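Using the hints provided, position chain C relative to the given structure of chain B.
Protein sequence lines correspond, in order, to chains B and C. Taking the numbering used here, the leading residue of the first sequence gets 2, the next gets one more, and so forth. Taking the numbering used here, the leading residue of the second sequence gets 2, the next gets one more, and so forth.
Hints are not guaranteed to be accurate.
As the list makes no split between identical chains, a pair holds if one copy fits it or if it spans any two.
Claimed, not checked - Below, simulated DSSO-like cross-link-like pairs (lysine-lysine); rule was C-alpha separation at most 30 Å, straight line:
(1) Lys405 to Lys252
(2) Lys203 to Lys297
(3) Lys453 to Lys514
(4) Lys252 to Lys203
(5) Lys252 to Lys112
(6) Lys151 to Lys405
(7) Lys297 to Lys506
(8) Lys203 to Lys51
(9) Lys453 to Lys252
(10) Lys252 to Lys271
Hint data in this document are derived by calculation from the structure and do not stem from the laboratory. None of the values given here were measured: they were computed from a predicted structure.
Number of protein chains: 2
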Amino acid sequence: MYLTQGLKRAAQVDFDGTSTCIMAPDGSERRRSWGETLGRVAKLASAMQKLGLGAGDRAAILALNSDRYYEFFFATAWAGGVFVPINIRLAPPEVVHWITDSEAKILFVDKAFSAMLPALAGKIPSVQQIVYLGDDDPPQGLHAYEAILKAADPVPDAERGYEDLAGLFYTGGTTGRSKGVMLSHRNLVSNNFNVMSVFHYKPGSRYLHAPPMFHIADCVAVFGQTQMANSHYFIPMFTPEGTMDAIQRWKITDTLLVPTMVNMTVNHPKVGEFDLSSLERLAYGASPMPEAVILKAMQVIPNAQFYHAYGQTETAPLTSTNGPESHVFDGPLAYKFRSVGRSAPGVEVQIRDENDVEVPRGEVGEICVRGPNVMQGYWRQPELTAQTLRGGWMHSGDGGYMDKDGYIYVVDRVKDMIISGGENVYSAEVESAVQMFPAVAECAVIGVPDEKWGERVHAIVRLKDGQSATADQIIAHCHEQIAGFKCPRSVAFVTDPLPLSGAGKIRKPELRKPYWEGHTKQVN
Amino acid sequence: MYLTQGLKRAAQVDFDGTSTCIMAPDGSERRRSWGETLGRVAKLASAMQKLGLGAGDRAAILALNSDRYYEFFFATAWAGGVFVPINIRLAPPEVVHWITDSEAKILFVDKAFSAMLPALAGKIPSVQQIVYLGDDDPPQGLHAYEAILKAADPVPDAERGYEDLAGLFYTGGTTGRSKGVMLSHRNLVSNNFNVMSVFHYKPGSRYLHAPPMFHIADCVAVFGQTQMANSHYFIPMFTPEGTMDAIQRWKITDTLLVPTMVNMTVNHPKVGEFDLSSLERLAYGASPMPEAVILKAMQVIPNAQFYHAYGQTETAPLTSTNGPESHVFDGPLAYKFRSVGRSAPGVEVQIRDENDVEVPRGEVGEICVRGPNVMQGYWRQPELTAQTLRGGWMHSGDGGYMDKDGYIYVVDRVKDMIISGGENVYSAEVESAVQMFPAVAECAVIGVPDEKWGERVHAIVRLKDGQSATADQIIAHCHEQIAGFKCPRSVAFVTDPLPLSGAGKIRKPELRKPYWEGHTKQVN
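This is chain B alone, in the form it adopts within the complex:
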């Protein structure tokens, strides 16, 4: 069980077949075979070792999607190192935290991100060498990717595997600093097999990497599609038109998009101008999917089968899936696509209460996960690791319930649940109701201290420019949508956008803080 086994197998069973393909900057197509990619990975690994990467050392990357990003993953593993893919939406101080926390020795940057280097200068002392992924001449002091690769003699695969650390994936940020999720070779290979068992890739599939490759959701395909010897196609970053153009040009059969991307694509004015009929399987995940979007997608791409993938970085990442059999509107599985599906074949899921006892079906608790895909822990955070993995189960922080058929429904983050007058209120459900009020641009629902109710359901609302509404109007609107005890009892209006984390999630602890000062509730 080691990541480069998949690459070696792909070169063994499809030496001349396409491994990677991308449009080069000059507009030509850059297509490489599995045989070429295997050779390049063995040489890049050699170059990385010459640049000082030893067994277990970290190599970080900050770049848009490309075939070289793909090679970086496998070369790092081949060299015996640990990859650290960096979120491309971070501000320089956050990038500094990821690099210094992981003590990365080598940093890879592409043309898009080399401009950030001056802002990092002097703040990332662990980095001894920087490699430039661009096709043009590298900035002063950086190594040119193709030059070091060309100059290197291939080395044998280090064949680290099983419990050896493969990658650090930083996550979080809504509550404090990002933490490095330690995923071993076993974690990632186990995930490959969960994915392959349920997604039913056919030999010869063509996968499009459209979401950013630093994200574990795209890494599923980096490693999983390789294990099946399927071909990888890349666009530098997601745009609706770029994605549709790529699907049409390369007759893409498979991709995974986050719900926002699906939404932007299927509701794009030009969606009818592209031939998307090659798409056999469209997976979506990483955040909740609005029902209207999936219904529109099923209508716009009727050839495709739809899969919902649910999980977290900590589960490498697949926890559960919903396949095409539950994307239906009648029969016993009608509308089960509203859930996040059933546990993946090799993954154990239990819904547990605060005492770590499994709750009966239908009752809300914390979604907990066990299996060979569950992370080793948080990098250099033994206490947080012990807390998260207590009792041998990964505590996801997601509140949810399981129905009698084993389908899992996520209701809210456990920390965002509100207990008001003894009733559980899920902020996500209330936010959905508030959001449907036409004048609302965005909103967050939190619990605030209340003498009568313990916690009171409170909405913080930003209205669309030029629109107006009163608290009473919004509360009355909610009473038409959801039970009375769930409705906000107070509404605060703000004019600034709500504070977001690097991952684009609303920072609720920040919103809760002023209300809870002097009270005892844990607000992080």
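Structure of chain C alone, referenced to chain B:
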């Protein structure tokens, strides 16, 4: 990674769905849900512990196929024990060897095999308790299966997993005594995932257990279909009509048969009288498949997709597969079904020479395997284990080559290859040629000492009753089929059937022995 996880997941995602189904002795259908089976396994495990089964202790079973055989596997794992399924075609002394070598503490027998117990009496001292699987009253001194199950309180799953030993599967016998292949939980679960990745089981599949369940080929389904929560249907033993009847009655979607069974089924005079259209996937494996048989099968069961599974007990067992994409007659993969396919996604295969160096594509060497599915070793045979697993690779003993597309072709057992005049001759190929001579009932081709050629190709032939042939006729016939250097230079005629191992393979060491006495060739 532990076997009972699959069972628990199945009960979680399909509590009321069919787990097992068999025709009971009274002619009624005995169908159990996943919820029931889970409860029964937890109770049977409890009963086994009460009968003295401790962690790592062995429990053996000698029985025809049934739902209870299925429960035995999972209950043994649940109790923390190690299962030892016994070949149903063995003579009592061989059964004694398997039981005493494994030191099984508990023995399960059904009605069919309880008659063998007197022949075992006094010879299997490790066995402290015997459990009777039959529905009638048990023979004196045996525990009734349903009675001990009913009396037991369920125990929690022992949750042995990963490197813990799960089962001992005895194999071999053509060369000396059977040896116990040690398969861990990780080995068997890894195999599940290789199988699920390529066989593309759909949710709701119905699997027929027709080959004997002691065999690793059927265990693939015992564990793999459970991990997918698919339903298990059983017939006590294979017969062509019984198999076709079961497929029709239960609308079976999946099964795996050995080539002989496929042959007997598709060439059965009544094949046209059964509706086999429910069969979506027919896998075959465990011995070479004659081309005529697979062609006939594709014609008789046109709805089915065909899969060839190749492997050994030592690889738990899947090494490589050929899917429907290579069961074709034109295009780039035409006739690739003549190979044993390409390595399974998580399995490494190399063809290696006698110095353990990988040979170039197209050259014959020994098929060697590495991966999490490879056995821990042979039970209490450290030297044989070290020899078989030298350099970290499992040496299969099969000679073969790999083509440029990664398809693997088995040519012969390495030990049965003949080097004659410096040329490699594969006995299996020569046997195929001899076998085509109409008067030949059976034959074995071996190398015998020869002053001129080093080894001489020698055929041992038994003619069909009432038929006649000369050595010259047979040799002349071979010259029409294969190259001259491969043809037998001498033929010996025998009248007794050739000596067979328990697994039905010709015992070539026995045939070679008289020729090689006083010479130095290793004949085992």
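Against the structure, the hints:
1. Lys405 to Lys252: Cα proximity of Lys405 and Lys252: across copies only (26 Å, versus 40 Å in one copy).
2. Lys203 to Lys297: both (26 Å within a copy, 26 Å between copies)
3. Lys453 to Lys514: within (20 Å within a copy, 95 Å between copies)
4. Lys252 to Lys203: both (14 Å within a copy, 25 Å between copies)
5. Lys252 to Lys112: within (28 Å within a copy, 59 Å between copies)
6. Lys151 to Lys405: between (58 Å within a copy, 26 Å between copies)
7. Lys297 to Lys506: Classified as within: same-chain Cα gap 24 Å, cross-chain 60 Å, threshold 30 Å.
8. Lys203 to Lys51: Answer is neither; intra-copy 39 Å and inter-copy 48 Å both fail.
9. Lys453 to Lys252: neither (61 Å within a copy, 62 Å between copies)
10. Lys252 to Lys271: This pair counts as within: shortest intra-copy Cα distance 18 Å, inter-copy 46 Å.
Against the hints set out earlier in the document, violations occur for numbers 8, 9.
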